[in-house]
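Kindly generate the complete structure, drawing on both the sequences and the hints.
Protein chains: 2
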Amino acid sequence: MSEHLTEEDIISLITGMLAGQEASPDLLLGPGDDCALFQAEGPLAATTDMLVENIHFSTRYMNFWEIGYRAMAANLSDLAAMGARPRYGLLSLGLAEPPQAGQVKDLLKGMLDLAARHGLLLIGGDTVKAPVLTINLCLLGENPSPLLRSRAEAGDSILVTGPLGLSAAGLACLRQGLRDPVFSSLISAHKLPSPRLAAGQALAASGLAGAVMDISDGLATDLGRLSRSSRVKAVVEAPLLTLGRELRQAAERLNQDPLLWALCGGEDFELLFTCRRQNEKRLVKLLTQSAQVAPYRIGRVEPGSGVYLRRQEDCREISMEGYDHFR
Amino acid sequence: MSEHLTEEDIISLITGMLAGQEASPDLLLGPGDDCALFQAEGPLAATTDMLVENIHFSTRYMNFWEIGYRAMAANLSDLAAMGARPRYGLLSLGLAEPPQAGQVKDLLKGMLDLAARHGLLLIGGDTVKAPVLTINLCLLGENPSPLLRSRAEAGDSILVTGPLGLSAAGLACLRQGLRDPVFSSLISAHKLPSPRLAAGQALAASGLAGAVMDISDGLATDLGRLSRSSRVKAVVEAPLLTLGRELRQAAERLNQDPLLWALCGGEDFELLFTCRRQNEKRLVKLLTQSAQVAPYRIGRVEPGSGVYLRRQEDCREISMEGYDHFR
Numbered sequence: 001m002s003e004h005l006t007e008e009d010i011i012s013l014i015t016g017m018l019a020g021q022e023a024s025p026d027l028l029l030g031p032g033d034d035c036a037l038f039q040a041e042g043p044l045a046a047t048t049d050m051l052v053e054n055i056h057f058s059t060r061y062m063n064f065w066e067i068g069y070r071a072m073a074a075n076l077s078d079l080a081a082m083g084a085r086p087r088y089g090l091l092s093l094g095l096a097e098p099p100q101a102g103q104v105k106d107l108l109k110g111m112l113d114l115a116a117r118h119g120l121l122l123i124g125g126d127t128v129k130a131p132v133l134t135i136n137l138c139l140l141g142e143n144p145s146p147l148l149r150s151r152a153e154a155g156d157s158i159l160v161t162g163p164l165g166l167s168a169a170g171l172a173c174l175r176q177g178l179r180d181p182v183f184s185s186l187i188s189a190h191k192l193p194s195p196r197l198a199a200g201q202a203l204a205a206s207g208l209a210g211a212v213m214d215i216s217d218g219l220a221t222d223l224g225r226l227s228r229s230s231r232v233k234a235v236v237e238a239p240l241l242t243l244g245r246e247l248r249q250a251a252e253r254l255n256q257d258p259l260l261w262a263l264c265g266g267e268d269f270e271l272l273f274t275c276r277r278q279n280e281k282r283l284v285k286l287l288t289q290s291a292q293v294a295p296y297r298i299g300r301v302e303p304g305s306g307v308y309l310r311r312q313e314d315c316r317e318i319s320m321e322g323y324d325h326f327r
Numbered sequence: 001m002s003e004h005l006t007e008e009d010i011i012s013l014i015t016g017m018l019a020g021q022e023a024s025p026d027l028l029l030g031p032g033d034d035c036a037l038f039q040a041e042g043p044l045a046a047t048t049d050m051l052v053e054n055i056h057f058s059t060r061y062m063n064f065w066e067i068g069y070r071a072m073a074a075n076l077s078d079l080a081a082m083g084a085r086p087r088y089g090l091l092s093l094g095l096a097e098p099p100q101a102g103q104v105k106d107l108l109k110g111m112l113d114l115a116a117r118h119g120l121l122l123i124g125g126d127t128v129k130a131p132v133l134t135i136n137l138c139l140l141g142e143n144p145s146p147l148l149r150s151r152a153e154a155g156d157s158i159l160v161t162g163p164l165g166l167s168a169a170g171l172a173c174l175r176q177g178l179r180d181p182v183f184s185s186l187i188s189a190h191k192l193p194s195p196r197l198a199a200g201q202a203l204a205a206s207g208l209a210g211a212v213m214d215i216s217d218g219l220a221t222d223l224g225r226l227s228r229s230s231r232v233k234a235v236v237e238a239p240l241l242t243l244g245r246e247l248r249q250a251a252e253r254l255n256q257d258p259l260l261w262a263l264c265g266g267e268d269f270e271l272l273f274t275c276r277r278q279n280e281k282r283l284v285k286l287l288t289q290s291a292q293v294a295p296y297r298i299g300r301v302e303p304g305s306g307v308y309l310r311r312q313e314d315c316r317e318i319s320m321e322g323y324d325h326f327r
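Those sequence lines, one after another, are chains Y and C.
The numbering of the first sequence is the numbering used here, which starts it at 1 and goes up by one.
The numbering of the second sequence is the numbering used here, which starts it at 1 and goes up by one.
Source of the hints: derived by calculation from the structure; they are not laboratory data.
All C-beta atoms, glycine included, are put in the ideal place defined by N, C-alpha and C.
Some hints here could point you the wrong way.
Said to hold, decoys possible - Below 20 Å or equal to it, Euclidean Cα-Cα: the simulated SDA-like pairs (lysine to any residue) are:
#, chain 1, residue 1, chain 2, residue 2
1, C, K233, Y, S305
2, Y, K233, Y, E153
3, Y, K109, Y, Y61
4, Y, K233, C, E8
5, C, K281, C, R300
6, Y, K233, Y, S305
Stated by the list, open to error - Computed, partial: chain Y to chain C, Cβ under 8 Å:
#, residue
7, L29
8, D33
9, A45
10, V52
11, L79
12, Q100
13, G119
14, I123
15, G125
16, K129
17, A130
18, C138
19, P144
20, A251
21, N255
This is how it looks when you write it as structure tokens:
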């Protein structure tokens, strides 16, 4: 195939790759016609995410396989936050000219590799020309639970499923060209995040979760959304935020505040959730055993509003410090 | 609201507008959380389309309401081609900086006005920054039929649900600044296409349709896809292509070939379908009565491959002349 692709070539390339996915008896019609058709039974969860080159990722420090993988991970994370089982996805691809067969193949491969691991099939899509690489995924998941943002109550513990700020630190390392192997875990946290699907399903099955959401825009912003939805105040205890050795080392090398990465760095794709104080230990144990995550408490829900950070004597509002795509 | 919007402002603006939609008992959770949740029963059709500023539309001659309307129409047209009943949609919006509240409102209003007319609810979405306005819709429809592109057979009649080339002519008028009222019907064909949902549902219910698809990239390209899927030859009779008075007048004024608009101009969003010759009259009558369209035959399916145009003695292949987004 020539490197200069027509729209028809790209459609053939993509439908060829999608045809290599595992078959599903519920899929009545796969890619290649005006719509895909599938058999649905019961409640479905639907989510969509758009990722734009030079805003959400850069080809300067991500290869196309990684870009595809990460786009799929970001979308799967929303299904995780509803405890849903991933089923179907539709992909829209805006490609800058001239589209390159190798890049499109790698991008799709990255998506399909992660999708297959979680039982998701790409069943359709659209391919257009765009000024920069633009990826839109729309995913559907089965058997979701209403794990809402609005269910936090005063007295609840606030937990996350893993360390925060690693992705932001990894991105900073990539941007500054820090390739020391000591920072590999940060870089891979940025490039290859793990959507917490098993944890979301375990939270749903436990019946012990209060509010649940994923952290895509940073703890400060997303906990702000949770507190607004639940009409409560969220207080994060700074000493409880796990600032691992690599994170602190990278912060020192780059003259950054690691706490700021943990609070405001987006795209960790961990789950943020609350539960009654008396259920905390049981829920942590359950998630650790069944979902291979190590959740920990980062704070407490109180009556009131806003997100606060407590550091020894100091307790200040941080709601507005989060990462905002438009700032 | 200030004209300078943060991401949070835009999310509020959009979720506020979506909250104004009619309620549905099957919608378990609307916009505002990680996923939307809905109750599904039976087969669903899913489709997605991305529209990019300066490639698929221009704000120079379309207002934001029209851009929103047209994006929704293009996507609904794919559901029409499966005879599906529109139900749910997810919208991703890539906005150039700085996002303007008025523009976002108008865009959403255009989408919601057409969506409401066809019973579709927007239940979720994503808002990001992008170099140019980028709109992705993913739609789900109920009760689809497998109206495939691959079901044309030699001997079949080839029909379309309405005149072709109007949208391309309207776009040419807009680009050349032809605002003479005589061209209003062409301009409105471009700006406000009507997705043929009733016609698609009637085709499905009739049981008389062979291959069915919508014409989004122009007759030559889309009939090429149909003929490849069905492994047949499609012969279009030039005299049967309805070239209306406005189309011919615009072509004369702009020194264009109106036949080329009809063959290669995309985005008419009419349905293209085949049926056995003996069912043609019955099907035309049925669609005319039940779906307020005026379908007509444009050619015939023959054994072989490729798309041909017959003009008196001359019969030549036109498969590759269609509009290609990447050329």
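We went through each hint and held it up to the structure:
no., hint, result
1, K233/C <-> S305/Y, "67 Å, violated"
2, K233/Y <-> E153/Y, "9 Å, holds"
3, K109/Y <-> Y61/Y, "18 Å, holds"
4, K233/Y <-> E8/C, "18 Å, holds"
5, K281/C <-> R300/C, "14 Å, holds"
6, K233/Y <-> S305/Y, "4 Å, holds"
7, L29, "6 Å, holds"
8, D33, "6 Å, holds"
9, A45, "4 Å, holds"
10, V52, "5 Å, holds"
11, L79, "6 Å, holds"
12, Q100, "12 Å, violated"
13, G119, "17 Å, violated"
14, I123, "7 Å, holds"
15, G125, "6 Å, holds"
16, K129, "5 Å, holds"
17, A130, "5 Å, holds"
18, C138, "4 Å, holds"
19, P144, "5 Å, holds"
20, A251, "26 Å, violated"
21, N255, "27 Å, violated"
When the structure is compared with the earlier hints, violations turn up for hints 1, 12, 13, 20 and 21 and for no others.
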